[in-house]
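A.B. asks: The lines below spell out each chain.
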Amino acid sequence: MALTSDALPRRMALLAGITYTCFYLFAIGDVDLVASSQWRAQLGQFDFGHLLRARSPFLFEAVALLQAGNVLMLVSPMNLLITAILAGLLGANVHGALALHQNAACRTGNGRVFGGALPALLAGSACCAPGIVLLLGIPGLAAFSGFFAYLIPLSATILGLNRWWQRRQGAPALIRFR
Amino acid sequence: MSPWRILGTALVAACMPLPAVSGVLPLSADPLIPAPPSVYRDASLSGGPGKDGIPSIDNPIFTSASAADGQLNPGDRVIGIYRNGEARAYPQAVLVWHEIVNDTVGGDNVAVTYCPLTGTALGFLRGDTELGVSGRLVNSNLIMYDRESDSLWPQVLGAAIDGPLEGRGLAEIRVVWTTWENWRQRYPETRVLSEDTGFLRNYERDPYGSYTPAGGYYAEDASPVFPVLNESDRYPPKREIFGFRTSAGAVAVDREHLADEEMLLHEHGGERFLIVHDPGLDTAWVFRAGDKEPPEYAEITFGAEGPEHPALAALEPVNGFEAMWFAWIAFYPESAVIDGLDQ
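Same order as they appear, the protein sequences are chains B and V. Residue numbering for the first sequence follows my numbering, starting at 1 and increasing by one per position. Residue numbering for the second sequence follows my numbering, starting at 1 and increasing by one per position.
Wrong hints could be hidden among the right ones.
[Claimed, not checked] Looking from chain B toward chain V, a few residues come up when the C-beta cut is under 10 angstroms (computed): (1) Ala64; (2) His101; (3) Gln102.
[As the list claims (entries may be wrong)] Distance ranges between label pairs, derived from CB positions: (4) V:Leu229 <-> B:Gln45: 51 to 61 angstroms; (5) B:Ile18 <-> V:Asp52: 27 to 37 angstroms; (6) V:Pro279 <-> B:Thr157: 38 to 48 angstroms; (7) B:Ala64 <-> V:Pro36: 32 to 42 angstroms; (8) B:Val71 <-> V:Arg288: 47 to 57 angstroms.
[To be verified] Anything over 10 angstroms on all C-beta distances counts as not near chain B; from chain V, calculated: (9) Gly53; (10) Ile54; (11) Leu125; (12) Arg186; (13) Gly198; (14) Glu204; (15) Pro207; (16) Pro213; (17) Leu315; (18) Glu334.
By construction, these hints were calculated from the structure, which means they are not laboratory data. All residues carry an ideal CB built from backbone N, CA and C; glycine is no exception.
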């Protein structure tokens, strides 16, 4: 089924992806605002083992630290890869949902077209489960913190399935090869 | 436990050869383990990170006190150790990300450990092995493992709840939970753990809250977040008490009460204990008093080794440490409490 121009959905997908990237990196502590203001770059261990060393499930060690003024960033290639995958999937979901929404003929259930957004947000917060638990201060909830991180692959799966369903409904491809 | 079961357990223990690793890791004779190790084992749970996901510092690098002045505020918390003429301070801001430092101080291999969730800092002799973070918790408390036998050691208990050394205790050494200002004044030549830990962390951010002033998870009224074995509402959950224990039992001391009284004599488990307030470090020192008369508090001076007085020199010190109330009572539900009020 041919759809009308998807320029707006593309812009919104890009915005959602960038916003989600910032949110996710902040949530896992790889980007932070700090009190001291300085410019510095610090390299850590750069061997393969350290690169793949997990701090907790789906959270990996950093290999460099960058600080620009009050913004501090820990550079972990594995965390960046996970962020890119989740942000890309979320962007694709937003794109597909808006593109389908634009087409009146395809308006068959907004709940389903937006279905991937919630687990994606959960994934962003799952990586900082202990922080969320401390913030909420719900006794006993922390007992499940070991399971929280597995929301990340769950979210990636749901986002992927949702995107597959959108494509079957006629949503255009996000990336076009000419 | 029935007398027959105790006798049976004792006979079995006496007949069993000691694990070879006991020669590597210095052990204490009679740790206080209020419940069978299986109780703690069954109550333990994942804290989120896996084994060594919170990496111990195994090659610590130190700076001078004057260099550390640029990094630390006077009120910042540090964990201090003084051993064989050497003083070292480990900033809480660094240890909150690592929890264990495997160090050598005054010629002794030691592990300085800190659990942010229970507000406890304890030191242990580690022999030729190292301690690491297992990733598991019991009563919200860090469970350590030793890299020789892989036994599991809840930090507050200081005793193994699983592995070849189950039921054995670690040899404890005194560390002090105080402020940078207090520590620097007592030990001007102290060295300070640097942020060059071998790992990249945002040491400006405490993921749990703040101690200056106490906020977030550290606020007195903030609830503990992990399940605990025993509870008491005698104090707010995060109130800092000073605790010590012997094989006969555990004692919690209200720090404000001790500061007011300056010195306390307490009988517990058939023994007399002398508890001395140290105003310089805002901590306490405990001695087995036996039948000796304690000195006048005004005559006690405080130096590198803690309280100094000829009458104290012959007394055996007992290790103690500050802890959040909820954690202390979770491990020691039968603990005596000294606060001037009824038990």
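A.B. asks: It remains to establish, for every hint, whether it holds in the given structure.
C.D. replies: Cross-check of the supplied hints:
1. Interface restraint check: Ala64 of chain B against chain V, minimum CB-CB distance 7 angstroms, threshold 10 angstroms, status holds.
2. Residue-level restraint check for His101 of chain B is violated (minimum Cβ-Cβ distance to chain V is 38 angstroms; threshold 10 angstroms).
3. Checking Gln102 of chain B against chain V: minimum C-beta separation of about 42 angstroms lies over 10 angstroms; hint violated.
4. Checked against the hint of 51 to 61 angstroms, the C-beta distance between Leu229 of chain V and Gln45 of chain B comes to roughly 39 angstroms, which is inconsistent with it.
5. For Ile18 of chain B and Asp52 of chain V, the hinted distance range of 27 to 37 angstroms is satisfied, since their beta carbons lie about 34 angstroms from each other.
6. Checking the proposed 38 to 48 angstroms range against Pro279 of chain V and Thr157 of chain B shows it is violated: the Cβ atoms sit about 59 angstroms from each other.
7. About 48 angstroms separates the C-beta atoms of Ala64 of chain B and Pro36 of chain V, a value inconsistent with the hinted range of 32 to 42 angstroms.
8. Here the CB-CB span from Val71 of chain B to Arg288 of chain V is close to 55 angstroms, well matched to the stated 47 to 57 angstroms.
9. Listed as outside the interface, Gly53 of chain V is inconsistent with that label: its C-beta sits roughly 5 angstroms from the nearest C-beta of chain B, within the 10 angstroms cut-off.
10. Annotated as non-interface, Ile54 of chain V brings its C-beta within 10 angstroms of a C-beta of chain B; the closest such distance is 7 angstroms.
11. No Cβ of chain B comes within 10 angstroms of the Cβ of Leu125 of chain V; the nearest lies about 28 angstroms off, and the non-interface call holds.
12. Residue placement check: Arg186 of chain V keeps its beta carbon more than 10 angstroms from all beta carbons of chain B (closest about 28 angstroms).
13. Consistency note on Gly198 of chain V: stated as away from chain B, yet its beta-carbon is not over 10 angstroms from all of that chain's, at 7 angstroms minimum.
14. Not every C-beta of chain B lies more than 10 angstroms from that of Glu204 of chain V, the closest at about 4 angstroms, which undercuts listing it as non-interface.
15. Not every CB of chain B is more than 10 angstroms from the CB of Pro207 of chain V (nearest about 6 angstroms), against its label as outside the interface.
16. For Pro213 of chain V, the non-interface assignment is confirmed: its Cβ lies about 16 angstroms from the closest Cβ of chain B, beyond the 10 angstroms cut-off.
17. Distance check on Leu315 of chain V: its Cβ is at least 41 angstroms (rounded) from any Cβ of chain B, clearing the 10 angstroms threshold; non-interface status holds.
18. The Cβ of Glu334 of chain V lies farther than 10 angstroms from every Cβ of chain B, with a closest approach of about 23 angstroms, so its non-interface assignment holds.
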